[in-house]
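> Chains as they are written, first to last, in the UniProt record's numbering: chain D, 1 to 447; chain C, 1 to 492; chain E, 1 to 265.
When the alpha-carbon atoms are kept at most 20 Å apart in a straight line, the in silico PhoX-like pairs for lysine-lysine are as follows:
#  : chain 1 : residue 1 : chain 2 : residue 2
1  : D       : K23       : E       : K99
2  : E       : K140      : E       : K99
3  : E       : K89       : D       : K23
4  : D       : K108      : D       : K119
5  : D       : K23       : E       : K129
6  : E       : K99       : C       : K385
7  : C       : K385      : D       : K30
8  : C       : K486      : E       : K112
9  : E       : K89       : D       : K30
10 : E       : K34       : E       : K74
11 : D       : K108      : D       : K121
12 : E       : K89       : C       : K385
13 : E       : K112      : C       : K385
14 : D       : K145      : D       : K77
15 : D       : K177      : D       : K119
16 : D       : K177      : D       : K121
17 : D       : K108      : D       : K198
18 : D       : K337      : D       : K320
19 : D       : K23       : C       : K385
20 : E       : K74       : E       : K21
Hint data in this document are derived by calculation from the structure and do not stem from the laboratory.
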Amino acid sequence: MSENTQNTPRPSSSLLELTDRTKRRNAAEKRFRAYGIGAIAIGLLMLAVLVFNIVSKGTGAFQQTFITLDVELLESKLDKKGNRDLADIKKVTTFGYSPIIRNAIEAKVTGLGIDTPLKAKAMAGLLSKDAAAQLREFVVANPEKIGDTVEFRFLAQSRVDGYLKGRVIRANIANDKNISSEQLDLVDALVEAGVIAKTFNWDFILGADASDARPEAAGIGVSMMGSLFMMLVVLALALPIGVAASIYLEEFAPQNWLTDIIEVNISNLAAVPSIVFGILGLAVFINYMHLPTSAPLVGGLVLTLMTLPTIIISTRASLKSVPPSIRDAALGVGASKMQAVFHHVLPLAAPGILTGTIIGLAQALGETAPLLLIGMVGFIASNPPQGIAEGLLSPNSAMPAQIFEWAKRADPAFYERAWGGIIILLIFLVTMNTVAVILRRRFERRW
Amino acid sequence: MPLLWLVLILLALSVAGFFLGRQRALASAGGNSKDLHSLPSYYGHNVALTGLVPALGVLAIWLLAQPLFIESRVSSLIPEEAIPESSTLGLVMSDVRRVAEGLDLAVSEGVMTPEQARNMRSEFSDVRGRLGEIGVALGSDVRPEVLNAAQSYRNLSNTGTTAMIFVVALIAAVGFAYSYSKTHKDFRARNVVEQGIMALLILAASLAILTTIGIVLSMFFETINFFSLHSWTDFFFGGTWAPNFRGDSELSILPLLWGTLYISVIALLVAVPIGLFAAIYLSEYANNAVRSFAKPLLEILAGIPTIVYGLFALLTVGPALVRFFGQGENGILGVEWMSGATSVLTAGVVMGIMLIPFVSSLSDDIINAVPQAMRDGSLGLGATKSETIRQVVMPAALPGIVGAVLLAASRAIGETMIVVMGAGAIAKFSANPLESMTTITTRIVSQLTGDTDFASPETLVAFALGLTLFVLTLGLNVLALAIVRKYREQYD
Amino acid sequence: MNDMTAMDKTMEQQKTKIAAKGVDVHYGEAHAIKDVNVEIEDKTVTAFIGPSGCGKSTFLRCLNRMNDTIDICKVTGDILLDGEDIYDKRVDPVQLRAKVGMVFQKPNPFPKSIYDNVAYGPRIHGLAKNKAELDEIVEKSLRRGAIWDEVKDRLDKPGTGLSGGQQQRLCIARAVATEPEVLLMDEPCSALDPIATAQVEELIDELRSRYSVVIVTHSMQQAARVSQKTAFFHLGNLVEFGPTGQIFTNPEDPRTESYITGRIG
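Please work from the sequences and hints to get the whole structure.
Structural data, given as C-alpha cells:
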C-alpha cells in the first residue's frame, strides 16, 4: 500500500508510536462510528420532529373559542301559543332561532359601545352555523326558560377560532368568503371585552363528527365508541381463539406436515398487508354474509383475523418460556397432560399472554386501511350508540378512520382536528403499551 | 333478535347441565366423590360441553350456509329475460334483498301486516312508494319478478331461521340427554372432556388456515369474475390505468406496480442504511446506557399507527418538500419542480422513517446471532472494530440481513395509509420522484370505497389487484422467512 | 522447509518477551486476577494451568488487550512487551494485537474461503503490496500452520467446511499470517479429538522456534508435553511459576501439588 511498506513486513517498531497506517485505520474507525451515531441521531430526530408536529398542531383542537351572549328567548317567536307544549316548541325550526341570535349579538355589540360597520347578519356570522341548533336544543330541554333572558355560550365559527389560535391571519383572508377584516376587527373588540374566549373543548373529546361546513363542532367521541366496540369484539374473539391455538401448537401438536403448514401459515399471515384483510372482510362478511356495512362488529371481526397471528406468536413465546420441568412435575404427580397445561403452564404464562394481547389490541386500534373497505369512513354517526347491540351493529366510524376522514376534507380547520385526534389515539396507545411493559416488568420470571 | 336469545338459552342450558351432570355423578357414587372415575366437575363439564358445542357448531355452519342456499334458490326464480340489458344477476339480486329487507321493516314497524307483505302484488300497489314511507329508498319501481323473488326470499329465510332454531335446539337437547344418561361413576368423564377440549384447540389452530383459504378464495372468485369481464392481457401487460364509466376502461396493473415499487425502493433507500447503521451501532458500539435509552425510543417509531405517518406525509413532509423543490422564486431552491404535496418522494421518505425501527430491530437480532467468537477472532488478529464489522460480522450476517430487507420490502409494498395520503392518484410511468404517482394499495382503496358495483370491472379489478398484492407479499415473506430461518440454524 | 533456521533460533539466548508486574483485573465487583507477576520468555512455550475459573484465560486475554472489548473489565498494573507498557495511553490495541496474535478455544474460522481467512490479517495490516505477495504470505502461513498439504487444492472453499482439527490449524495459520511475535492460545485443543490434538500440539512445538507461545490448558499432560515453562493459577493468584519439569515433579507450593495430584480441580 504505502511507500514505506518494506519487504520484511513487520519491523520491530515501538508500540508507542502509531504507524501512518494505524492512524488511517483509526480515522476510518471513527468515521464508521460516526455513521452509526448519525443513523441513530436521524432516527431520534425523526421521532422528535413527529412528536413535535403532533403536539404543536394538535393541542389546538383541545381549545375552542366560544362567544357568550345574553339571549332573550322571545315567547312570541318560540312558543306562539304560550302554553309551553313541547310538541309545539319542537315545531319551531332552527330558522326560527336565527333572528333571536342576531338580536342577541347586535344587542351585545351596541351594549359594549363597539363601533362597527357590520350589519347584524354579518355579526351573527361570527357564530358557528351550529349556533341555532345549539340554542334550539337548549330550549327544547328547558322550555320553562322561554321568555327569560339567559346567558348562553355559542361556538364561534372556525375562522374566528382559527384567528384566536393564529391559524387564520389577516393577510390571507382576502379571498375568504367566510370572514372579512371588519369581522376580525369586531372579534378583536369582543375579545377585549371578554365576550369571545377560548376554553377547554370537551365536545372534541366527547362529541360526534360534523359536516364539512362546521369544523368547529366536530368531535371524536362517537368514533371512539366505534373503536371501543371493535376492541371488545377483538378481545372477546382473538384472546380465547389465539390462546387455544397456541396451546395446541405449542403443547399438543404432533410434529407433522399439517402442523408445519399451520405454523408457516401463521407466520405468513402476520405479514400479510392489512388491506388484504379488508378485502377479505368486504367479500366474506359484507358481500357474502350480508352483515351490516360500517358496523363495528364487522370491523372487529376483520381486526380479529388480523390480530390473531400476533397474539398466537406472542402467546407461544410465553408458553415456550415456561420450563419443561413444570410440566414434568405436574405429570409426575399423575395429572393428565391437559391438566398440566391448564393448571400449571397457562397460569405461569398468563402475564406474557396478556402483554401480547394488549400489544395486539394496540396494533388493531391504530389500524385504518381495512376499515376503509368495510365502509367505516365518512360522516357516519352523529349520535353515540345506545346499548351494546346498537353499538355493535349500527354504522359507526373508528378513531383512525375519523382522523383520515378529517385529513381528506378541504377546510384546514379539520387538520387541527386530525392532529388532535392523533393525540387522543396516541394517548390510548401509549397507555396500553405502558400497561404491557409494566405487566411484563412486574410478572416476568427468569427461570 | 332471535339469534341472541337462542345463544343465551343454550348457554343457560349448559350451565344447568353442568350442575345436573355433577349431581348425577355424585349421586351414582353415593355422594362419595372418591368412588368416581374423574373429578365431579368433569362430569358437569361433559354434560355442558356435549350439549353446547355441537349445537353452536351447527348454528355457525347453518348461518354460513343459509345465505348461499337461499341465494341460489331465489336467483333461479329470476328468469333470464328479467335481467335488464345493462344489469347482471348480481344487481337484480341486491334489489331483491333490498325489497325483502324493506318488507321486513314494514312488518316490524306495523305499516303492513305479514299477510299484506306476503301477498302484495306490484301490479296493484305502489311498492316503491309504500316502502319509501318507512325510509327504504329504492332506485326504480319494483318489477313483479323482483317482488316475487323478494317474497320468496323472505319466505325462505323465515323458514330457514325457524328450522335452524328447531334443529339447533334439538341437537342441544339430544346432546344433554345423551351425556346425562351416560353420566355414571364409572364413566371416564375426564378423558371425554379432554378429547372435546382437544378438538376445540385444533379448531382454533386451524382457523389460521381457514383465514388464508378465505383470503385466497374471496379474492380468487372475484378475480375470475373480473377476467371474464376484462381481458387479462390488458391487466398484466397493458400500459395504462384509466378506469371510466363508459365501459372501455383500461385497467393495467403495470403503472400501479411501477409506482408501488418506486415508492418502496425510496423507502428502503431511507430505511436500510439508517436502520442498519443504527443496529450496528446499538449492538456493537453502544454501552448499556445508550442502548437502553435509544432502542426503545427508536421502537416507538414502529408502534405509531400508519395513519399518523400518512398525516405526517400529507401535512408536514409534503409541504416541506414543496417549499424546497417547488413554489418557483419563493421556494428555498428557487425551482418549480414540484407542484403538490403528494409525490413519490413524500410517501417514500415517510415510509422509510416508518421502516427504520423495523429494519434496525430485525438486523439487531441478526447481528447479535453472529457468534462472539467471530468477532474475537478478528479483533485478535488486530482488526479494528469497524474492520471486524465490515469484513467479518456483516458477511456472516448478510443472508439474515437480506431476509430482513425483503421483509421490509414486503411491508413497503403492502403499506396503504401512507401512500393513500402521500403518494397521489395519478397512474403513470415516470422517473421523476417529485411527481405524484399511485400504487396498488391506493387503487384498491379507491375502487372499493364509495359507491361500488360488484358487477363492473372497475370494482372487480380491486380483487385482482388484491390477489396480485397478496401473491407478491406472500412470495417475499416466504423467501425472507426461509432465508432468516436457514441463517438462524447456521448459528444455533 | 525452514528446519535450519528453526534450529538456529533454538540456540539463541532466551530473553524476556513479556513482563507482567503487579497485574490486577476486576470484572465489575469481582476481583479476577490478584497481583500477578510473571516473565514470559521469547522462543519458549509457556503454559498456564489451573482449575476452571482460576483466571488463567482472563490473564491471557490481558496480554493482547482482548479484555478491552468487555466494558466492565478493568486492568491495573504493568504489562511490558519488549519493555513497553502495552496499557500505555499511546498504544493502539490494534497495533498490539498484530504483534501478539491469539488462537481461541473453539476454532472460529470466518465464513469466508480458506484463502480469505488467512489473507484477512495481512490485508488489514497492509502487509502485502500485491496479489503475488499475498499469495506467498498465505502459502507460507498455511505451511507454518501445517495444513498446506491438506487445503492447497481448495483454497477457495469456505473455511467452515473443514474438520475441527483442520479449522484450528487454519486459525493458527491465520494468526501466524500477521507475523506476530507472541502467540496466545486459549485452550486450543479443548474442542478437538485426540488425533487433531496431537497434530496441533506438534505444531505448537514447531512454532516455538519463531514465536513466544503462551498456552492456556486444562490438561496437565498437554502442559507437560508442549511447554518449557508452566504457571499455576488458583483463585486469581499466580501460585507458582517455573520450568515445567520442576512444577510437575517438584512443586514448591502445596496447592500446586494438590492440583497436580488431582485433589483440587
